[in-house]
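Asks: The lines below spell out each chain.
Protein chains: 2
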Amino acid sequence: MTELVQEHIPQGVIERLPTYLSALLQLRHDGSSTASSAQLSELTDVNAAQIRRDLAYFGSFGKRGVGYDVGVLIERIQRILGSDHSHRIALVGAGNLGSAIASYDGFNARGFQIAALFDNDPGKVGSRVGDLVVRDIGDLARLAKQQNIRFGVVAVPSDAAQDVVDAMVDAGIKVILNYTPSHVTVPDDCRVHNTDPVRELLHTLYYLSRAEALAGA
Amino acid sequence: MTELVQEHIPQGVIERLPTYLSALLQLRHDGSSTASSAQLSELTDVNAAQIRRDLAYFGSFGKRGVGYDVGVLIERIQRILGSDHSHRIALVGAGNLGSAIASYDGFNARGFQIAALFDNDPGKVGSRVGDLVVRDIGDLARLAKQQNIRFGVVAVPSDAAQDVVDAMVDAGIKVILNYTPSHVTVPDDCRVHNTDPVRELLHTLYYLSRAEALAGA
DNA sequence: TAGATTGTTAATCGATTAACAATC
DNA sequence: TAGATTGTTAATCGATTAACAATC
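Top line first, the protein sequences correspond to chains A and B.
Heads up: the first sequence is residues 1 to 217, going by the numbering used here.
Heads up: the second sequence is residues 1 to 217, going by the numbering used here.
If you're looking for bench data, these hints aren't it; they were derived computationally from the structure.
Predicted model only: the values in this text are computed from it and were never measured.
One should not assume that every hint holds.
For identical chains, the list gives no copy identity; a pair is met inside one copy or between any two copies.
What the hints assert, rightly or not - Only pairs whose alpha carbons sit at most 25 Å apart, straight line, appear in this in silico DMTMM-like list of lysine to aspartate or glutamate:
id: 1; residue 1: Lys124; residue 2: Asp159
id: 2; residue 1: Lys145; residue 2: Glu212
id: 3; residue 1: Lys145; residue 2: Glu200
id: 4; residue 1: Lys63; residue 2: Asp159
id: 5; residue 1: Lys63; residue 2: Asp139
id: 6; residue 1: Lys124; residue 2: Asp189
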């Protein structure tokens, strides 16, 4: 029996699922076993009708008059997203940023595991960063293929970004998180997400400027 | 003479302006003096008609038959966003992550300046990180008010996040970039942006799972 | 003038939300 | 049964885009 899924699901829906999941994980952590769309709305700043509508794209997971079972909904959303099992990540760059990412506790808790840490500095290769031993960047392709790693995180100096990305693509990595401000290119079957803090600041700056203009006027 | 600006501008428009700005800065860096909406479309993956439509919310900046003057458009977008002058940022946390952010070269290049770095560890206070001297977190409010700092970046351990955010709010900071996985709360007149890499990975994971399901079937 | 490209309209497309019957 | 809340419809709202007259 195959799952019934509508042919096209709006991107906005997919982007909100992780938000719902975060809220649900928090609810479970706090000991709640059920949640209504109204409660989820409170926690996520998403309209309650929209939450129900979004979930309905994938099936009916709630009980009328009762709400949603937190555990069940977590499981269903994780299944939909494909995070019902752990995914391995290759992290490249063992400097300050790489070390910070390697010890970031947000990955493991939510289905991602940093499987290997690479650097091109012979002085760093072999040293430990948290639980990881720094490996030579030359081993990336072999290890990534061996372990079927499809996620990569780039935490190297800007001017090395494209080279690292190219190496990741060659290694079969499909989703890349780029922490450098460099614009990098990848083939069509890969995705890059640039974590550009300035872009976010610029966008909020617009609203801030207007609020201050109003207050000052 | 006041600027003519429509009463309401869609949020999507505001969110795309930084994208256009990045492309234009790159074009200027590469020596181009004019750009058509078709060229910008190529660089940004945004429909050319939409770029023209978006810009038209704020005025008419181009020349028919010619295109947009890169320098002029950069200046106009920076003026619209409020990034035509530099903004000071207070960074809290002088660990690996804080040190990496302090030396991130993407801020200065685009109108943001890390004005001060704070930590609560007496062993770190007074030491240097790049060009900055680590200051005591107790000095945040005084310095932020003195220098009219309205941007804050949180790079501390998760369990200290809310305390730091509270201190930032007290110090008059209005826009906060939270690098911890903790959910933090702020008053209505402040904005928090959580840089949650897992959220982005989860969302791309959905598409990746489907692509692989198709390929495997 | 001929060619190019903007600014803008009007049509399409898609997402959001209020409302409510179904039902736990 | 009465109360609550889902799942879903239908209406609204808003954003995207093709098309083209204006014009450099």
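Asks: Run every hint past the structure and note whether it holds.
Replies: Now for the hints, and whether the structure bears them out:
no., hint, in the structure
1, Lys124 / Asp159, "within (19 Å within a copy, 30 Å between copies)"
2, Lys145 / Glu212, "between (53 Å within a copy, 15 Å between copies)"
3, Lys145 / Glu200, "between (35 Å within a copy, 23 Å between copies)"
4, Lys63 / Asp159, "neither (54 Å within a copy, 36 Å between copies)"
5, Lys63 / Asp139, "neither (51 Å within a copy, 52 Å between copies)"
6, Lys124 / Asp189, "neither (32 Å within a copy, 45 Å between copies)"
Hint compliance for this structure: hints 4, 5, 6 are broken, all remaining hints hold.
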